[in-house]
Amino acid sequence: MKTYTLKDFKSDQQVRWCPGCGDYAVLAALQRALPKVCQEQGIGKEQVVVVSGIGCSSRLPYYMNTYGFHSIHGRATAIATGLKVANPSLSVWQATGDGDALAIGGNHFIHAIRRNIDLNIMLFNNRIYGMTKGQYSPTSRLGTVTKTSPYGTVEEPFNPGSLVLGSKGTFFARSLDVDVLLCEEIMLEASRHKGTSVMEFLTNCVIFNNGTHSDISAPQTRADRTIVLRDGQKMLFGSDRRKGLALDGWRLKVVTIGEDGVTEDDILTHHAHEDNLGLQMMLADMRWPEFPVALGVIRDVPAPTYEESVRVQCEEVAARSRVHTVDELLGSGAVWEVK
Amino acid sequence: MQHKVIDSQDVVIRFAGDSGDGMQLTGSLFANMSAVFGNGLSTFPDYPAEIRAPKGTVSGVSGFQVHIGSHKVSTPGDYCDLLVAMNPAALKANAKWLGRTAMILVNGDAFDEAGLAKAGFSGDPFEELGVEDRTIIVAPINKLTQDSLADSGLDPQSILKCRNMFTLGMACYIYSRPLDYIYSYIEGKFAKKHPEMVSPNKKVVTDGFNYAAAIQAIPNTYKVEPAQLEKGRYRNITGNQAVAWGLIAAASKAGVPLFCGSYPITPATSILEELAIHKNLGVKTMQTEDEIAGICTAIGASFAGSLGVTTTSGPGLSLKSEALGLAVMTELPLVVVDVQRGGPCTGLPTKTEQSDLSEALYGRNGESPLVVMAASSPADCFDKAFLAAKIALEHMTPVLLLSEGFLGNGSEPWRIPEMADYPAICPPLAQPQEGPFHPFERNADTLVRSWAVPGREGLEHRVGGLEKNHFGVLSNDPDNHALMVRERAEKVARVAADLPPLTVDGPQEGDLLVVGWGGTAGHIHTAVETLRAEGLSVSYAHFSFINPLPPGTDAALSRFRRILVCELNSGQLAAWLRSSLPGHEYIQYNKVQGQTFLSVELADAIRRAL
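These protein sequence lines are chains A and B, in that order.
Numbering follows this note's numbering, in which position 27 of the first sequence is assigned residue number 27; successive positions increment by one, without gaps.
Numbering follows this note's numbering, in which position 165 of the second sequence is assigned residue number 165; successive positions increment by one, without gaps.
Chain A extracted, bound-state conformation (with noise of 0.2 Å):
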C-alpha cells in the first residue's frame, strides 16, 4: 500500500487562476485531502478520478496529477456518473461551479442527487459567471448589478443546500474558501459518504466579485456570522461561543446562554445523521444577518448508492439466467431450422 503526500497530487501544469482566487485554497484542500482519502480507502491514486464541466473552477483537474476529464457545460455530473456506474471502484471527485451546476447543469445535478450515484461534488459558489467575465449567476442575490444584469437581477437566487436536500440529497456540507482546514475536514466527511456527497465551497472572485461573501468570512467577524456544525455537538457560536441556536415553535433563533435564562441545555444538538430533513433544511437555509451561516456538515444519512443497486442486480439476473453467452443469447427464444 502507497502512502502519498500532497506533492502526489499536484501535477506540473501552471495553476492558472487570478491571485487571490478562492479556487486555490479548494485546491489546496482536496491535495491535503486526497492522500488521507487514500490511505483511509486502502486504494492507489490511480484509482481517483477529477470531473469538471466549463467555468473557472472547472479547471482544477489540470491541476491535480490523477486521472481527470475537463468535459463540456454543465454536464459534468452526467459524465461523472456514467464513470462512477461503469466503475464503482473508482474515488470520483467532481469540481463544478454555481453556473455550471445549477444553471445549465441543473438538470443532472438533481437527479444525480435522486439517484445518489456515489460522487464528491466540489461545488465552488462564487455567485457569479467569472470565465465570461462577470455575468450574474443561479445563485446571485436579488438585485446583483452586473454586466447583463444592469439595472440589477429581479430573480430569485437559489441557494444550492435548498436545492441539494429539497431534492433528498443525502449529504450536503458547506466551507468558506479561507477556511482550509474546514474545507479538508468536510472532503473527508464526503469521501466516507456513500452517495452524492455536496460541498458547498463559498469562494471568492477577486476579479468580477470581490468580497461577495466577506460579511461572514472576514476574520474579526467570522466567528458571530458563521456557525460550524458537528454530529452531536451543540450549535454553539460566536467568539465567546455563548450564542447558540434554539428552537422558537417552528422557527429556529438565536438565542445567547446567560440572557433571558437561557441555559446550553436550551441549544440544540446537531444531528447529521437524522433522516429528517426538517431542521437540516432550516439550518442550510439561514442567512445573516438573522442567523450565522451554518458550515461544516449539515446533512450525512446512509441510503443505497446506484451503482451498487444495479451491480448487485447485475449479479443476480445472472444467477437465475440460464443465457450466459452471446452464442446461447442468439440460440435463445423461438428458433428453427432449416436443413
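Because the hints were derived from the structure by calculation, they are not lab data.
For every residue, glycine included, the Cβ atom is placed at its ideal position computed from N, Cα and C.
Each hint should be verified, as a subset may be incorrect.
Listed next, the in silico SDA-like pairs over lysine to any residue satisfying Cα-Cα at most 25 Å (straight line) [to be verified]: (1) 96(B) to 52(B); (2) 253(B) to 316(A); (3) 7(A) to 192(B); (4) 253(B) to 314(A); (5) 192(B) to 335(A); (6) 194(A) to 106(A); (7) 194(A) to 257(B).
What the simulated footprint calls covered on chain A by chain B, stretch by stretch (three residues with Cβ under 8 Å from a Cβ of chain B suffice, anywhere in the stretch; the number is not a length) [said to hold, decoys possible]: (8) 41 to 47; (9) 275 to 285; (10) 292 to 300; (11) 304 to 315; (12) 325 to 339.
Given the coordinates of chain A, work out where chain B should sit on it, guided by the hints.
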C-alpha cells in the same frame, strides 16, 4: 364455384385496425408463424404516433404488413394481396396499398352508420374508394367472436377483445397455415398467469379458421411453400433487437463491459429496452434524465474502460451534438445509434426516413469528423452494430450508426451466426511505461491514440474538450491546432483501410450505376431484379459506410457515365458524394414522405434513367 388452392411465391398481407384492435400482435403472430414454417419473410409495422387516437378515426389506424415468400424476401412488399380492415377507417387509410387483385376482409359489425361516418364515408365505402372490383369479404367478426365465446365465462369486454384472434384464424385458413404455432403461443403466454384465457383463445382462433372454411365467400386459398434458405438455425429478428445484440456481441468479443446511457425516443426505444434485459451478460443500462445525459454517461463509461453506447432518433441526436464533439476531441470509443424518423424537429415520429445523414456528417461545431455508417436490413443491424463497436474501440473514435424506423421495427428471418466466426476486437489499451503517459501520441499507421483506463497505475492523464497537444497539455498554439485538426480527420479517413471495398452488383461498367444506402437496400435490390427479369442490364452499388467511404469507391463510380443516387431524403448522400468524389455525373431519385420506397416506383425511376 370450384374452390382452388393456389401455389403462390409471394403474398403480402396488411392487417389494419384501431390502435387498440391488436393488429400489431395479429401481424407479428402471423409473421412468426410463417417464419417457423420456413417462409422468406419481411415485416413492417405502420402505426400512428398517438397511443389511442379517437376510436374509429383515420388518424388512429394502426397497420402491420407481412410479406411472405417461397424464396428469400427482402422487402415488406409494395401492395397487399389481402387487406384486413377491422373498421371503415382502416379501409380508408389503407385502400391505396391494395393490389389490383387483392382480397379485402372487413369486420362487418364495424361498418355501421356511426363507423362509416367517423371515417368520413357517406355512401358505400368500397365504391367511394373505387375498390368495389376487389374480392370483398364482409364478416360480422364481433358477433362471431361473441357467439364463439358465449360460454367461455369471460366478461363481454374481454370477449370482444378476442376478435383479432378470430380474424387471425380466418387469415390462417386463407393462407393454409396450420394453427399449431398459434396454439403453442397461446399456451406459452397464458398458461402460467391466466390459465382461464388458454381455451377461449384457442377456441376463437379455431372458430375463425372454421368459419372461413365454411363460408362460400372465399373463392381461393393460397399456399406459400417454405423458402430454400441456407442451412442452419434461424430466428426472426427486428432491427432494434439486432442492434442491441450486435453491441452485446462486440463488447463480449472485445472483453470490455457494455454501458448504454439512453433516453426513450421513438423509434429507437426498444434498443434500450432490449439491452436492459441482458444484465445477465453484464450489460449496464441507464435511462437517463435526458438525451444529453444519455451520451454523457456513455462517454464517462468509455473513459472508465467500457464500450459506451447511446441510442436515439433525430431530435435526440440534435441534443447530443455538443457531447459528440467532446467524444471526437477526447478520442474515446463511443457508438451512437440513430434510428431515423421523419424530420425536422419532432416531425413524423413513427414514420421512416433517411434525412439525418447530413446531421450525422456535419452536425457539430468546429471540424469534428467521425465515422458514419448505416445498416441495410433488420438482420444486418447485428453485423453493423458489431462493426460500429469494433471500429469505435479499435480506432478510438465515436461512430454514428444510422438505422431507420423501417429497420428498427421491421423484422426478417436471420440465420443465427456463431460468434467464433466473428473477428477479434482489439482496443489499443495503454501499457504501463517509464515516464509520463502522453494521451495523444498516435500510432504511426492508424493515428490512433492509446486508451488508458482509470485504475491503471502510472497512466494518470487528463482529457477534455479544450485543444491539447500530443502530451495532453492545453495548447492555443496555431500550428498545433492545425496539426490536431488534420490528424483527427486523417485518423477517421484511415478507418477505410479496415473496410470492405465497394462492390458493384451487375455489370462493372456502363451507362448507369444505381446507388443507395442504408435501409433502402431491399427495395432497390427488388427493383433491380425486376428490371433484370425484363432483360435490362442494371448495375447497383450499396453504401454501408459513408464516412469514410469504402475503398475503391471513386474507381467503381468512374466506370459509369452517370450515377443514380436513390434515397429517402432530398439528396443528402448525393451531396456528400458530389463534394467527396467530384468528377462524376450524379442524378437523384428522392422520396421524403415518411414512407419506404416502393420497388415498382424505383423500377420506373431506374428504367427512365437507363
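Quick rundown of the hints versus the structure:
{"no.": "1", "hint": "96(B) to 52(B)", "in the structure": "holds, 23 Å"}
{"no.": "2", "hint": "253(B) to 316(A)", "in the structure": "holds, 23 Å"}
{"no.": "3", "hint": "7(A) to 192(B)", "in the structure": "violated, 65 Å"}
{"no.": "4", "hint": "253(B) to 314(A)", "in the structure": "holds, 19 Å"}
{"no.": "5", "hint": "192(B) to 335(A)", "in the structure": "holds, 22 Å"}
{"no.": "6", "hint": "194(A) to 106(A)", "in the structure": "holds, 22 Å"}
{"no.": "7", "hint": "194(A) to 257(B)", "in the structure": "holds, 23 Å"}
{"no.": "8", "hint": "41 to 47", "in the structure": "holds (count 4)"}
{"no.": "9", "hint": "275 to 285", "in the structure": "violated (count 0)"}
{"no.": "10", "hint": "292 to 300", "in the structure": "violated (count 0)"}
{"no.": "11", "hint": "304 to 315", "in the structure": "holds (count 3)"}
{"no.": "12", "hint": "325 to 339", "in the structure": "holds (count 13)"}
Violation of the numbered hints given earlier is confined to hints 3, 9, 10; the remaining hints are satisfied by the structure.
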